[in-house]
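A.B. asks: Going down the list, the protein sequences come from chains A and B. First residue of the first sequence: 714, per the working numbering; consecutive thereafter. First residue of the second sequence: 92, per the working numbering; consecutive thereafter.
Heads up, some of the hints might be wrong.
Covered by chain B, according to a simulated footprint, are these stretches of chain A (three or more residues, beta-carbon under 8 Å) [unchecked claim]:
| # | stretch |
| --- | --- |
| 1 | 744-754 |
| 2 | 757-763 |
| 3 | 812-820 |
It is worth saying that the hints were derived from the structure and are not from the lab. Ideal Cβ positions, reconstructed from N, Cα and C, are used throughout, including at glycine.
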Amino acid sequence: GENVEQHPSTLSVQEGDSAVIKCTYSDSASNYFPWYKQELGKGPQLIIDIRSNVGEKKDQRIAVTLNKTAKHFSLHITETQPEDSAVYFCASQDNAGNMLTFGGGTRLMVKP
Amino acid sequence: KAGVTQTPRYLIKTRGQQVTLSCSPISGHRSVSWYQQTPGQGLQFLFEYFSETQRNKGNFPGRFSGRQFSNSRSEMNVSTLELGDSALYLCASRRGGDGELFFGEGSRLTVL
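Using the sequences and the accompanying hints, generate a full structural model.
C.D. replies: Pasting the structure below:
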């Protein structure tokens with residue numbers, strides 16, 4: 714089945730700096746790549762997603778890039794703020810059963 | 092509109108007991124997925140139901156089972172509980188067969 718690797722597992726940045734989280738996936742037929750943010754005591758919430766026919770997508774301070782050839786995708790957060798502190802998960806959806814497989818998560822800490 | 096609702100939010104059981112968790116999806120959503128979240132293993136997929144049929148199943152033992160009712164509400168059951176079953180169990184719904192998952196806040200199970 715699909716395998717998703719996510720790095721780093723923890724990331725600490727200063728407020729205003731950029732943060733980058735990277736994921737690789739194993740199934741070349743995967744077609745949908747969402748990113749979720751999980752705050753303490755809450756369920757994960759979608760922050761941005763990208764489909765396999767697109768290379769990059771932006772939404773204000775957040776962007777996602779996809780390299781289908783290398784089978785990796787990345788989350789970029791610019792001008793980080795303390796409220797960006799959370800656990801971020803990448804995921805990959807397979808083309809057959811549309812099952813979402815999640816990466817191991819990245820704990821992002823933004824220091825004021 | 093109301094989000095995904097999970098009950099109970101917290102529960103404590105002892106080894107050997109069984110537990111049933113409930114999930115009410117967002118109105119109009121026909122797909123319900125269940126995930127187990129633990130600090131060491133991240134988000135592990137349990138199963139997905141779509142229109143009362145199990146569509147996908149993760150690599151969990153037969154002690155973990157689920158079902159979906161005609162109103163799309165879902166339940167999952169864990170029998171013969173083990174200490175390692177202590178986790179946050181997350182339910183997520185989506186309208187159709189793919190795309191964004193909307194998560195509930197989870198049911199935190201502690202097995203003593």
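A.B. asks: Each hint: holds or not?
C.D. replies: To see whether the hints hold, each was checked on the structure:
A count of 4 residues in the stretch 744-754 of chain A with a Cβ less than 8 Å from any Cβ of chain B is obtained; the coverage claim is therefore met, three being the minimum. Counting residues of the stretch 757-763 of chain A whose CB falls under 8 Å from any CB of chain B gives 4; the rule of at least 3 is met. Residue count for the stretch 812-820 of chain A with a Cβ under 8 Å from a Cβ of chain B: 7. That meets the three needed, and the coverage hint holds.
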